[in-house]
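Based on the provided sequences and hints, a complete structural model is requested.
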Amino acid sequence: MHQSHNIAWDSLSTNLTFIFENKALTPRRTDLFARQLESQAASLNHFTRTIAATIREFADTERAKYPTKYPAPSTGPLFPNKLLLRYCDPHFSSINDKNQSIENWIERAGQEPPPGYTTSHGDLADVVKVLIAENEMDQLLMLAQHPRVPLTDLHSLSWGHSFGWDHVVQWALEPYIFFNVLLSKPELIQKGRYKSMDSYRRVIALATGSGDYDAQSFPHREFFWGSLERRVSTDGLDPFGDVEKLHEYLKTCFSLLYRYDMLARECGRDVNWEGIVARNINVLWGVKVDYIEDKAGDWIARFV
Numbered sequence: 003m004h005q006s007h008n009i010a011w012d013s014l015s016t017n018l019t020f021i022f023e024n025k026a027l028t029p030r031r032t033d034l035f036a037r038q039l040e041s042q043a044a045s046l047n048h049f050t051r052t053i054a055a056t057i058r059e060f061a062d063t064e065r066a067k068y069p070t071k072y073p074a075p076s077t078g079p080l081f082p083n084k085l086l087l088r089y090c091d092p093h094f095s096s097i098n099d100k101n102q103s104i105e106n107w108i109e110r111a112g113q114e115p116p117p118g119y120t121t122s123h124g125d126l127a128d129v130v131k132v133l134i135a136e137n138e139m140d141q142l143l144m145l146a147q148h149p150r151v152p153l154t155d156l157h158s159l160s161w162g163h164s165f166g167w168d169h170v171v172q173w174a175l176e177p178y179i180f181f182n183v184l185l186s187k188p189e190l191i192q193k194g195r196y197k198s199m200d201s202y203r204r205v206i207a208l209a210t211g212s213g214d215y216d217a218q219s220f221p222h223r224e225f226f227w228g229s230l231e232r233r234v235s236t237d238g239l240d241p242f243g244d245v246e247k248l249h250e251y252l253k254t255c256f257s258l259l260y261r262y263d264m265l266a267r268e269c270g271r272d273v274n275w276e277g278i279v280a281r282n283i284n285v286l287w288g289v290k291v292d293y294i295e296d297k298a299g300d301w302i303a304r305f306v
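Using our numbering, you'd call the opening residue of the sequence shown number 3 and step up by one each time.
Possibly wrong hints are sitting among the right ones.
Subject to a maximum C-alpha distance of 27 Å in a straight line, what follows is the list of computed DSS-like cross-link-like pairs (lysine-lysine) [said to hold, decoys possible]:
1. 253 x 84
2. 67 x 84
3. 290 x 197
4. 290 x 25
5. 84 x 247
6. 187 x 247
7. 25 x 197
8. 187 x 25
9. 197 x 187
10. 100 x 187
11. 100 x 84
12. 247 x 193
13. 253 x 193
14. 67 x 253
15. 193 x 25
16. 253 x 187
17. 197 x 253
18. 197 x 247
Just so you know, the hints here were simulated from the structure itself, not pulled from any lab data. Predicted, not measured: the structure shown is a model, and the values here were computed from it.
What follows is the structure, encoded as structure tokens:
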């Protein structure tokens, strides 16, 4: 399991048990289910604290590698030409000559103060997702500090469904949690029993899925399909067939999480990782959470 010396994976996995065609549900469902132990809430909240602390620690360490302050250029390329070549194949790719130009980002934010982005700028959010995946953090930190590029506006975009650069989190976090838990349950990996799990199919569909501005899926499609293009069928998929490759993929997912945290905080956003992780576990396996109001008036998920 990835970062097992820092993240209390056992606190999560020991609270989950595999049930084939669970008779308590209609229709019956095969998946991992909470064991309903008395210690469940305490154990799972401990898990969320350790993964949150680890993400934050890596983000802090990574941020220290870069300058504190950045200039605010008005011209020049935002990303290297190699990215244009790498991402020219996916349909409707947002990685193009126009979006490579910092002038374009400034112009589209508008001339009237304050500058702003809206849902019509989803292609720019897609560029942010790709730059996070490609570790172009110097450029992203520059954008986060640029007075004429309101990068935070691109964080959460929605017109019935969402497509902001906040999507980097869920697309990376669900497979990161799912496959680390599965690595602790080798009996489910043998003979591919895990493939009968609803959560397995959900993770693949989410991580590789398509929608408006879906660059957050690119790193995951590359692992599962070996291509940036989306495929529908899961036939022939064997994520555990090459364990070394799987471990590299988990490292990729984790790097997406701490790079996201680093950029979000640079934009002045406070990331509630404990709540985000709790919600993802609830979505994956239905483990009960409650929502508690914090001092700032925000509602955060916790296990109860």
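Verification of the supplied hints:
no.	hint	in the structure
1	253 x 84	holds (23 Å)
2	67 x 84	holds (23 Å)
3	290 x 197	holds (24 Å)
4	290 x 25	holds (19 Å)
5	84 x 247	holds (24 Å)
6	187 x 247	holds (18 Å)
7	25 x 197	holds (19 Å)
8	187 x 25	holds (22 Å)
9	197 x 187	holds (13 Å)
10	100 x 187	violated (48 Å)
11	100 x 84	holds (15 Å)
12	247 x 193	holds (19 Å)
13	253 x 193	holds (25 Å)
14	67 x 253	holds (19 Å)
15	193 x 25	holds (23 Å)
16	253 x 187	holds (19 Å)
17	197 x 253	holds (22 Å)
18	197 x 247	holds (19 Å)
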